[in-house]
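Undergrad: In case you want the letters, here they are:
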Amino acid sequence: MGFAAVRFEDYYQVLGLAADADAPAIKQAYRRLARLHHPDINPTTPAHAAMARVNEAYEVLSDPQRRAAYDGVRRRQLKAGQLSDGQPGAAREMPGDWQQGFQFDGEPKAGRRGEGEGFTDFFTSMFGRAAQAEPADAKPARGADEHVRLVIDDADSVAGAVRAVTVRTLAPDENGHRAVALRQVQVQIPKGIQAGQHIRLPGQGSAGRGGAAAGDLYLEIQFKQHGADPTDSRDVRDRLPLAPWEAALGAEVATTTPGGRVSVSVPPDTPHGKRLRLRGQGLKGEPAGDLVLEVAVVLPPSTLAGARQAYESMAATLETRFQPRAAADDASHGR
Amino acid sequence: MAGDPVLVGLVIDEHALSLEELACACGVDADWLHERLDAGLLVCCSGEGAARRFASPQLHRARRLLALERDFDANPELAALVVDLIEEVHRLRSLRQPR
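Protein sequence lines, in the order shown, are assigned to chains W and A.
Numbering-wise (the numbering used here), the first sequence opens with residue 1 and increments by one.
Numbering-wise (the numbering used here), the second sequence opens with residue 336 and increments by one.
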């Protein structure tokens with residue numbers, strides 16, 4: 001494994017601290033940032049990523065042994081002119097020999113590890129492997145369970161789907177060291193799964209020690225369209241493609257819901273983008289959710305037999321009476 | 336990747352966890368859960384005693400409690416109060432969603 005592309009992480013900068021910050025200051029900075037980026041307060045993806053970096057920085061700086069090791073690497077960076085104290089741009093590429101003379105024995109603490117965001121390559125290279133190979137007589141211990149938040153489309157729940165999931169686990173490497181390993185697995189998303197539910201994959205977590213069983217992998221399901229809480233909606237959103245005449249004249253069209261096929265009444269003059277709500281046709285529950293269908297008017301390509309003539313006929317008949325950009329023009333002139 | 340087997344998991348709301356399994360999922364000792372169950376800070380979804388079972392809402396709650404206790408050195412009761420408030424906010428947000 002080469003380390004030349006590993007980028008240095010300035011953990012002091014991540015926590016907004018000076019390099020001589022004492023333990024209470026580190027804890028205070030961590031708590032302040034944990035409140036700011038806490039997933040229950042700030043559910044956005046950038047906040048998750050920021051929280052992962054804050055966790056990583058705290059994981060290192062709150063542990064005297066890790067901090068001492070990290071400070072040594074940081075001092076070498078400063079000495080080599082790769083870094084200046086307090087400068088912006090925390091991540092810098094590390095020289096290929098940056099780990100020389102450095103060993104660290106330990107694993108990330110349970111509970112703060114992973115969560116889908118994972119640790120940076122810098123952390124993984126520096127702390128992600130135990131220094132000693134696992135002894136043959138190691139006391140058997142089951143591997144840790146791992147958790148990944150899996151964001152899916154509502155449609156995946158409606159019809160079921162197979163999704164690839166990347167998980168960071170601890171497993172013995174080729175030399176017998178326990179190291180953080182990235183692994184991708186293909187997972188069946190069961191039909192009707194709801195936001196907030198967990199899929200458990202036995203034996204897909206971190207490897208056990210001394211021949212003990214691996215831990216499990218838990219996938220927490222979230223839907224793309226929903227924000228803060230994974231547990232609060234049973235509504236299902238999907239797209240309803242319509243031919244222009246179905247949207248213009250109205251139609252009865254069939255679509256798939258979590259409960260099976262249903263017929264949907266499309267009223268005349270339904271515009272593209274309109275949402276049609278089918279009450280109680282979403283995910284099961286008390287009460288059941290709704291199925292929200294967003295109309296997508298699909299134009300037949302002009303190369304289709306007869307389509308060109310139909311468009312030309314429409315143009316000849318409607319060109320002077322139908323101004324699709326009139327509303328937009330009015331709005332822009334009124335500004 | 337294309338030839339990799341597709342894993343079929345268990346939805347824990349249909350295959351609820353035992354107390355020991357919940358402890359593993361949270362990375363804590365069973366005693367940690369016993370203390371919070373005895374104090375009423377966490378409840379099971381079904382069963383009694385050794386047959387208690389836990390589903391997704393309980394896993395969410397246990398992990399939130401753990402994170403708050405760990406990240407903020409909160410005592411269990413204070414962490415539970417915060418989790419109660421978080422759950423209430425989520426419930427109210429779900430009611431506010433346009434239907």
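Read the hints as simulated data drawn from the structure, not as lab findings.
Don't be surprised by glycine CBs; every beta carbon is placed ideally from N, CA and C.
Do not rely on the hints blindly, as some may be mistaken.
[Claimed, not checked] Residues of chain W placed beyond 12 Å of chain A at every Cβ, according to the derived structure:
id: 1; residue: 55
id: 2; residue: 79
id: 3; residue: 204
id: 4; residue: 246
[Claimed, not checked] Estimated spans, in silico, between C-beta atoms of each pair:
id: 5; chain 1: A; residue 1: 364; chain 2: W; residue 2: 271; range: 28 to 34 Å
id: 6; chain 1: A; residue 1: 383; chain 2: W; residue 2: 224; range: 45 to 51 Å
id: 7; chain 1: A; residue 1: 365; chain 2: W; residue 2: 243; range: 24 to 30 Å
id: 8; chain 1: W; residue 1: 203; chain 2: A; residue 2: 386; range: 51 to 57 Å
id: 9; chain 1: A; residue 1: 383; chain 2: W; residue 2: 203; range: 44 to 50 Å
id: 10; chain 1: A; residue 1: 429; chain 2: W; residue 2: 253; range: 28 to 34 Å
id: 11; chain 1: A; residue 1: 429; chain 2: W; residue 2: 260; range: 24 to 30 Å
id: 12; chain 1: A; residue 1: 385; chain 2: W; residue 2: 177; range: 35 to 41 Å
id: 13; chain 1: A; residue 1: 343; chain 2: W; residue 2: 260; range: 18 to 24 Å
id: 14; chain 1: A; residue 1: 408; chain 2: W; residue 2: 72; range: 24 to 30 Å
id: 15; chain 1: A; residue 1: 392; chain 2: W; residue 2: 314; range: 24 to 30 Å
id: 16; chain 1: A; residue 1: 364; chain 2: W; residue 2: 203; range: 50 to 56 Å
id: 17; chain 1: W; residue 1: 19; chain 2: A; residue 2: 341; range: 35 to 41 Å
Undergrad: Return the numbers of the hints above that this structure violates; sort them in rising order.
TA: 1, 3, 5, 6, 7, 8, 9, 15, 16, 17
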